[in-house]
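Chains A and B supply the protein sequences, listed in that same order.
Residue numbering for the first sequence is 1 to 332, as defined by this note's numbering.
Residue numbering for the second sequence is 1001 to 1625, as defined by this note's numbering.
None of these hints come from the bench; they were simulated from the model.
All of these numbers come straight from a predicted model, not from anything done at the bench.
Some hints could be false.
Short derived list, chain B residues pointing at chain A, Cβ under 8 Å [claimed, not checked]:
| id | residue |
| --- | --- |
| 1 | R1293 |
| 2 | G1314 |
| 3 | G1477 |
C-beta atoms are modelled at their ideal positions from N, C-alpha and C, and glycine is treated no differently.
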Amino acid sequence: MADAAVKLTKKDFESDQDVRWCPGCGDYAILSAVQKALPELGIPRERHVFIAGIGCSSRFPYYMNTYGFHTIHGRAPTIATGVKVANPELCVWVISGDGDGLSIGGNHMLHVLRRNVDLNIILFNNEIYGLTKGQYSPTSKVGTVTKSSPFGSQDYPVNPLAFALGAGATWYGRTIDRDIKHMTGMVQKAPQHHGTSLLEVLQNCIVFNDGVYGDLYDAKTKKDHILYLEDGQPMIFGTEDQYALVLENYGLKVVDRDQVDDSDIVVHDVRNRELAFLLSELERPVPVGVIYDRERAVYEDQVHELEQQVIEANAPGDLAAVLRSGTTWTVS
Amino acid sequence: MTEPASASQRPIKQLNKVIIRFAGDSGDGIQVLGTLFSTETAMAGTDLSTLPNYPAEIRAPAGTTYGVSSFQIQFGSTEIFTPGDHVDTLVAFNPAALKVHLPDLKPGGILIVNTGAFDRKNLEKAGYETNPLEDEELNLRDRYRLLTVDISGQVARALEDSELSFKEKERAKNFWALGLISWLYHRPIEPTIEWNNKKFGKRPAIAEANVTALKAGYYFGETIEALHETYDIAPASLPPGEYRAITGNVGLCYGLIAAAQKAGKHLHYCSYPITPASDILHELSRHKAFGVRTLQMEDEIAAIGAAIGASYAGQLAVTGTSGPGLALKSEALGLAVIAELPLVVIDVQRGGPSTGLPTKTEQADLLQAMFGRNGESPVVVLAASSPSDAYECAFEAVKIAIEHMVPVVLLSDAYIANGSEPWLIPDPEALPEIHAPHPPAVRDADAAFQPYARDDRTLARPWAVPGMPGYEHRIGGLEKQDGTGNVSYDPDNHEKMTRLRAEKVERVANDLPPTEIFGDPEGDELVIGWGSTFGAIRAAVAARRADGHKISHVHLRYINPLPNDLGDIIARFKKVLVPEINGGQLSMLLRSRYLVDIQGFDRVRGMPLLQEDIEHAIEQLLEGN
Chain A
1 MADAAVKLTK KDFESDQDVR WCPGCGDYAI LSAVQKALPE LGIPRERHVF
51 IAGIGCSSRF PYYMNTYGFH TIHGRAPTIA TGVKVANPEL CVWVISGDGD
101 GLSIGGNHML HVLRRNVDLN IILFNNEIYG LTKGQYSPTS KVGTVTKSSP
151 FGSQDYPVNP LAFALGAGAT WYGRTIDRDI KHMTGMVQKA PQHHGTSLLE
201 VLQNCIVFND GVYGDLYDAK TKKDHILYLE DGQPMIFGTE DQYALVLENY
251 GLKVVDRDQV DDSDIVVHDV RNRELAFLLS ELERPVPVGV IYDRERAVYE
301 DQVHELEQQV IEANAPGDLA AVLRSGTTWT VS
Chain B
1001 MTEPASASQR PIKQLNKVII RFAGDSGDGI QVLGTLFSTE TAMAGTDLST
1051 LPNYPAEIRA PAGTTYGVSS FQIQFGSTEI FTPGDHVDTL VAFNPAALKV
1101 HLPDLKPGGI LIVNTGAFDR KNLEKAGYET NPLEDEELNL RDRYRLLTVD
1151 ISGQVARALE DSELSFKEKE RAKNFWALGL ISWLYHRPIE PTIEWNNKKF
1201 GKRPAIAEAN VTALKAGYYF GETIEALHET YDIAPASLPP GEYRAITGNV
1251 GLCYGLIAAA QKAGKHLHYC SYPITPASDI LHELSRHKAF GVRTLQMEDE
1301 IAAIGAAIGA SYAGQLAVTG TSGPGLALKS EALGLAVIAE LPLVVIDVQR
1351 GGPSTGLPTK TEQADLLQAM FGRNGESPVV VLAASSPSDA YECAFEAVKI
1401 AIEHMVPVVL LSDAYIANGS EPWLIPDPEA LPEIHAPHPP AVRDADAAFQ
1451 PYARDDRTLA RPWAVPGMPG YEHRIGGLEK QDGTGNVSYD PDNHEKMTRL
1501 RAEKVERVAN DLPPTEIFGD PEGDELVIGW GSTFGAIRAA VAARRADGHK
1551 ISHVHLRYIN PLPNDLGDII ARFKKVLVPE INGGQLSMLL RSRYLVDIQG
1601 FDRVRGMPLL QEDIEHAIEQ LLEGN
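Given only the sequences and the hints, what does the whole structure look like? Please build it.
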């Protein structure tokens, strides 16, 4: 897909439309990271397609100077599937949020992941409904006080990572809107995976859920709360790398690094699905980076390969002959 | 098959047309029997029309009245428009079938009953307290020409030497009955033998058993005295050429494939299984050699979503469903309206509301197709009138969708979908080209690209697809500024765009052919129909005209927009009758459009309209009642 002749800049990906998110919204950072990441991919601009559902995040395509389609609530994965099957040469992005992607569109998220369509899904997770002005979302923690839950929400939240793994996801990454460098890197990694890439961005809604990821933002403490994953590297974190993760009782346990032998520290393996499930259960620290990455047959490849096989085996279809197939008779 | 000499010893009576109904348990192979008989008589050169009718349950409890499956056929040496109203011959495989279908048998008609299934258990299940065959009050023997025969026993004897299991042998009884009826009506059984050899090539024992049963039934006719004459029906004077049988669902598929070829595109058929539309998905999934891509999606919404995506990416996109599925697709269909993308949505209607009558026919989705979306959301609406018309309609739906950049809803129904008729095989090459309004591959560098610029004649916007350099643009469900396609909340722009979208649909009428009138261009009464009621209305109008009445028939393929000449046509008649299988939906549209006092004739029985009922309604309106 890469084309060496193309050299684009961030500016090439900025559309002429005014960006209309709230001042201070995390979405600005994500937009900027994507616009920065795209020139590095070497894919001509006309081959990028951004498809979004409904919600604050889903206005995203209007701000990208690429092909874009702002569709309907929750259905972006279905439309993106149609686009990718129709033209596998395109680099197709799906922009969604926790409400769009995991509530109204949860069914489509499940099926696009199991089919493994080669799409790059960016899921803006702010644990709140922003565009409808502040109701709890399917990722809000129990007890979240919102306009529709003045006494605290009661629904148990969905775990996006565990959900995706259960659905058969082949690539899952997580990043944080306040860490532009990490986020830009993750946006570049997602399209390298052949199959569905699901990139969860922990994103702050400054108006309705400000500070939901406060621990991850505070410059003094954030390193004590974030686990930066690297394939093949031991799981160590903390302001002074003073914590480590070890296996205990079929789970990951945080320990003081000096209490354990280095060989007991879990080493990240992006191909290990069981490990990815263990990481999905981790509340503190929050794992970010590529959590899971494994190749599996890609839906649209199979569709096109089968079509080619049939055409090669039978020659292209002859409609006049098909119309005469089966029992016919002549009236003279 | 060469007929034994003895056949000629019985008088052969010539008939113009005959209506036969086969009825039995849903496991009795009634649909196969009906289909094969249709082929036999088609190959003998008659015209025909069929009505398969089966329960929604895959295997309803055996012997019950609600588990009865039936197949009706009318065939004849004149043009046949419908499967017929009342039947000349009824073949009942069990008591439940007799109970359900006896009321439709003409007085003095031939009644063939399989006594092998008339045990106490089956009688009870059918709700008979006594055996109807021996019931003096019911008096079947005097009211009908009754032939009682233990088909199960006859088949068992014929297959004594077969290695098949008892159950497998039992399954051949539909072939035995087919043999008997083929003998009675002088239909050739060779097509059935050929079908068996092909179908069961890998299990010759089954093919052999079926053919043995078929022949046993055929020769059985020779030995009985209850039927003292046989019947022959001369070939019809159909236009010359090569024919085949076609069902509506298969007709749609061929029309779509033809359209994809003429448009130079891959057909993307995205669907979710639903009765009675699933056969479209089944048929198209076999045709990958044409570059047809069938996507069985996770639900109805995903199906139309994937179709919209394929359309956006520049391919031919079609989604197919029935009424409940169309309801689920309505929001996405609105997206296609505002995004102004070509899309064909097929609705094979069935009885509603909700799950309704999944296997029965109805025309009650017309207003849903017209208006079943939020906002002012006009789409083109076409309706197929018969299985062979489905081929042409599918092609035309695609042509309109692509050339006008507009979603098209194509209405079919369960009766068209499953019914079959002889089809003079058309030449797909003779179809017109379909011109997609793609902008030039290289963009004019001097002017900014306007995704909502409009064609002067059609108002279609350019179909710039992802991958084309220089045409990068954004579309979506938010209101668009005319021309630029930018998001716009401007009140005047919204008014303008709302009217443009409506006008774009209205302008489709400029491309339509003049409306065809059956009968005189003016008169006392005009009967207007749409969809699968075509045959019944045409037959009724023809019959009344033969009696000297000044009645004409117009059958609408184009419902939105209506043909430009329809208002003038209506004005030339004193009265207008609109028969439909719904509560009067087309009547409502025509009344509001033309301010004419249209008389509706509405029936919602899940069944096609009867010719005699339409004739009666025509009479009544003529008489001023």
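Here is what the structure says about each hint:
Taking 8 Å as the C-beta cut-off, the interface hint given for R1293 of chain B holds, the closest approach to chain A being about 6 Å. Given hint, G1314 of chain B at the interface with chain A, holds; its Cβ is 7 Å from that chain's nearest Cβ, closer than 8 Å. With a least beta-carbon distance of about 6 Å to chain A, the hint placing G1477 of chain B at the interface is held under the 8 Å criterion.
Violated hints for the displayed structure: none, as all numbered hints are satisfied.
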